[in-house]
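Enquirer: Next come the chains, spelled out residue by residue.
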Amino acid sequence: DQQVKQNSPSLSVQEGRISILNCDYTNSMFDYFLWYKKYPAEGPTFLISISSIKDKNEDGRFTVFLNKSAKHLSLHIVPSQPGDSAVYFCAARRVSGNTPLVFGKGTRLSVIA
Amino acid sequence: DAGVIQSPRHEVTEMGQEVTLRCKPISGHNSLFWYRQTMMRGLELLIYFNNNVPIDDSGMPEDRFSAKMPNASFSTLKIQPSEPRDSAVYFCASGALPGVKETQYFGPGTRLLVL
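In the order they appear, the protein sequences are chains R and C. The numbering of the first sequence is our numbering, which starts it at 9 and goes up by one. The numbering of the second sequence is our numbering, which starts it at 50 and goes up by one.
Derived from the structure by calculation, the hints contain no laboratory data. Every value quoted in this text rests on a predicted model; they were computed, and no experiment measured them. Among the clues, some could well be false.
As the list claims (entries may be wrong) - Now the in silico label distances, taken between C-beta atoms and shown as ranges:
1. N120(C) with N35(R): 29 to 37 angstroms
2. R90(C) with M37(R): 16 to 24 angstroms
3. S18(R) with H59(C): 39 to 47 angstroms
4. G65(C) with I26(R): 26 to 34 angstroms
5. M64(C) with A121(R): 40 to 48 angstroms
6. R113(C) with K76(R): 37 to 45 angstroms
7. D106(C) with R116(R): 37 to 45 angstroms
8. I104(C) with S18(R): 14 to 22 angstroms
9. I120(R) with V61(C): 29 to 37 angstroms
10. D112(C) with P87(R): 20 to 28 angstroms
11. G65(C) with S82(R): 20 to 28 angstroms
Where a beta carbon is used, it is the ideal one built from N, C-alpha and C, also for glycine.
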C-alpha cells in the first residue's frame, strides 16, 4: 500500500509559466514533508521541506503548500526554467517515530523553452 | 565533503552471479539507507541502519539480498544469486536520525543490469 502518491508521472510546462506538482499521502501520522529533485545519472537532492505545523514554505522560486485536512501537498515553481527539468519526488515521515522517509514514485517535469 | 560515495557506478553481470554494492556515507551521519529505484515501484527503501545497527530490513525483497555496515564509514549491499528482475538503480543515502529536520543525502547510485 502506497503511503505517498504522486499520481502524475509526467508534466510539461512552458518556460516562464508556473509548474505545479502534486502529492497525496494516506498516513495521518506523517508530520514532515520534503521534495527531492533528481537529474539523470545522479542521486536525488533535497529541494524544500515543510513541517505539519505550517501550511506554506517558500524558498526563492519554490513554494510548498500543505493541506493537512486533505492530506495533500504541492510544489509550485515560478517561473519555471529549462534547468528545472528533472524528476521530482515527494517524501514524508513521522518525526516522533524516528522513521525514515517514505517516497512517492516521482513526477517527471519537462520545462519547454 | 565528498558526499555519499557509491561504487561501482555501473555493474553488468550474468544471472546467478554475486553482486556487491558499496557505500561510504557522509562523515558524521549516523544513519544509512539503501534504496532501489525502478520505473514500476519508484524509490523503495530496502534497509536502513542507525549507528551501524540494522533497524528495519522489511523492504529487502528476498533472502538473496543482504546488507552489512561493519563500521560508520562503510556499508555493502549484496545480492546472491542475482536475477534479471534485480536490474535497477540502487541508491545509498545517509542522514542524521533522530532529528526534526531529517534530510537524507543520496549518492549517485549504482546502475545494475543482470542479464
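Enquirer: Against each hint, give a clear statement of whether it holds in the structure.
Expert: Outcome of the hint check:
1. N120(C) with N35(R): 29 to 37 angstroms: Between N120(C) and N35(R), where Cβ atoms are some 33 angstroms apart, the hint holds.
2. R90(C) with M37(R): 16 to 24 angstroms: For R90(C) and M37(R) the Cβ distance comes to about 22 angstroms; the hint holds.
3. S18(R) with H59(C): 39 to 47 angstroms: The hint (39 to 47 angstroms, Cβ to Cβ) is violated, given that S18(R) and H59(C) are roughly 26 angstroms apart.
4. G65(C) with I26(R): 26 to 34 angstroms: Given a distance of about 50 angstroms, which is not inside 26 to 34 angstroms, the answer is violated.
5. M64(C) with A121(R): 40 to 48 angstroms: Check passed, 43 angstroms falls within 40 to 48 angstroms.
6. R113(C) with K76(R): 37 to 45 angstroms: Holds: the Cβ-Cβ distance is about 40 angstroms, inside 37 to 45 angstroms.
7. D106(C) with R116(R): 37 to 45 angstroms: For D106(C) and R116(R) the Cβ distance comes to about 30 angstroms; the hint is violated.
8. I104(C) with S18(R): 14 to 22 angstroms: The hinted range 14 to 22 angstroms is violated for I104(C) and S18(R), with Cβ atoms some 34 angstroms apart.
9. I120(R) with V61(C): 29 to 37 angstroms: holds, 34 angstroms
10. D112(C) with P87(R): 20 to 28 angstroms: Violated, since D112(C) and P87(R) (Cβ atoms, about 50 angstroms apart) do not stay within the stated range.
11. G65(C) with S82(R): 20 to 28 angstroms: Given about 46 angstroms between the Cβ atoms, the range is violated.
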